[in-house]
Amino acid sequence: MYSEVFEKYTGPEMVSFMFDGKDITDKMKALYGRKRNWQANVYTYGELFGEGVKDKGFRIDYKSEDGRKHWQHGVVGDSSQLCWFIRF
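Following the working numbering, the numbering of the sequence shown begins with 19 at its first residue and continues without gaps.
FYI, nobody ran anything at the bench for these hints, they're computed from the structure.
Just so you know, not all the hints are guaranteed correct.
As the list claims (entries may be wrong) - Calculated pairs, SDA-like style, for lysine to any residue (alpha carbon to alpha carbon, straight line, at most 25 angstroms):
1. K47 x M19
2. K72 x K53
3. K81 x L100
4. K53 x H88
5. K40 x V93
6. K26 x K72
7. K40 x V23
8. K26 x G95
9. K40 x D84
10. K87 x Y27
11. K81 x M32
12. K87 x G68
Said to hold, decoys possible - Quick list of the computed label-pair ranges, beta carbon to beta carbon:
13. K72 x W102: 15 to 21 angstroms
14. D73 x K26: 16 to 22 angstroms
15. K74 x K26: 19 to 25 angstroms
Quantities reported herein were computed from a predicted structural model and do not represent experimental measurements.
C-beta: ideal position from N, C-alpha, C; glycine also.
Construct all of the structure, not just a fragment, from the sequences and the given hints.
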C-alpha cells in the first residue's frame, strides 16, 4: 500500500534483518530500496514473510548517518497486520 509519509522519508542504513533465526538482509534491503523508504510502501507481514508466520520473531539493525546503531525487534501477531517499521 502506497504511503505518502514514506515517499518523503529517507531512513538509516539497514545493516541486518533477521527473521525466525534466518538472515534475510539481502531480500529486505531490496524492498527497503535505494532511498531507504520501503519504496514508499507499507507492507503486511504476510507480504514480506509469507503465510504461516504468526508468533515468529524479527530483528532489524540500522546505522544512522552519525554512526549510531539502532535496532528494532518484534513478533508477528497476524500476517494481515501492517508493518510500521521504525522511522527516526
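Hint check results:
{"no.": "1", "hint": "K47 x M19", "in the structure": "holds (18 angstroms)"}
{"no.": "2", "hint": "K72 x K53", "in the structure": "violated (29 angstroms)"}
{"no.": "3", "hint": "K81 x L100", "in the structure": "holds (23 angstroms)"}
{"no.": "4", "hint": "K53 x H88", "in the structure": "holds (18 angstroms)"}
{"no.": "5", "hint": "K40 x V93", "in the structure": "holds (14 angstroms)"}
{"no.": "6", "hint": "K26 x K72", "in the structure": "violated (31 angstroms)"}
{"no.": "7", "hint": "K40 x V23", "in the structure": "violated (29 angstroms)"}
{"no.": "8", "hint": "K26 x G95", "in the structure": "violated (28 angstroms)"}
{"no.": "9", "hint": "K40 x D84", "in the structure": "violated (28 angstroms)"}
{"no.": "10", "hint": "K87 x Y27", "in the structure": "holds (19 angstroms)"}
{"no.": "11", "hint": "K81 x M32", "in the structure": "holds (7 angstroms)"}
{"no.": "12", "hint": "K87 x G68", "in the structure": "violated (28 angstroms)"}
{"no.": "13", "hint": "K72 x W102: 15 to 21 angstroms", "in the structure": "holds (18 angstroms)"}
{"no.": "14", "hint": "D73 x K26: 16 to 22 angstroms", "in the structure": "violated (34 angstroms)"}
{"no.": "15", "hint": "K74 x K26: 19 to 25 angstroms", "in the structure": "violated (31 angstroms)"}
The structure fails hints 2, 6, 7, 8, 9, 12, 14, 15 (numbered hints given earlier, in ascending order).
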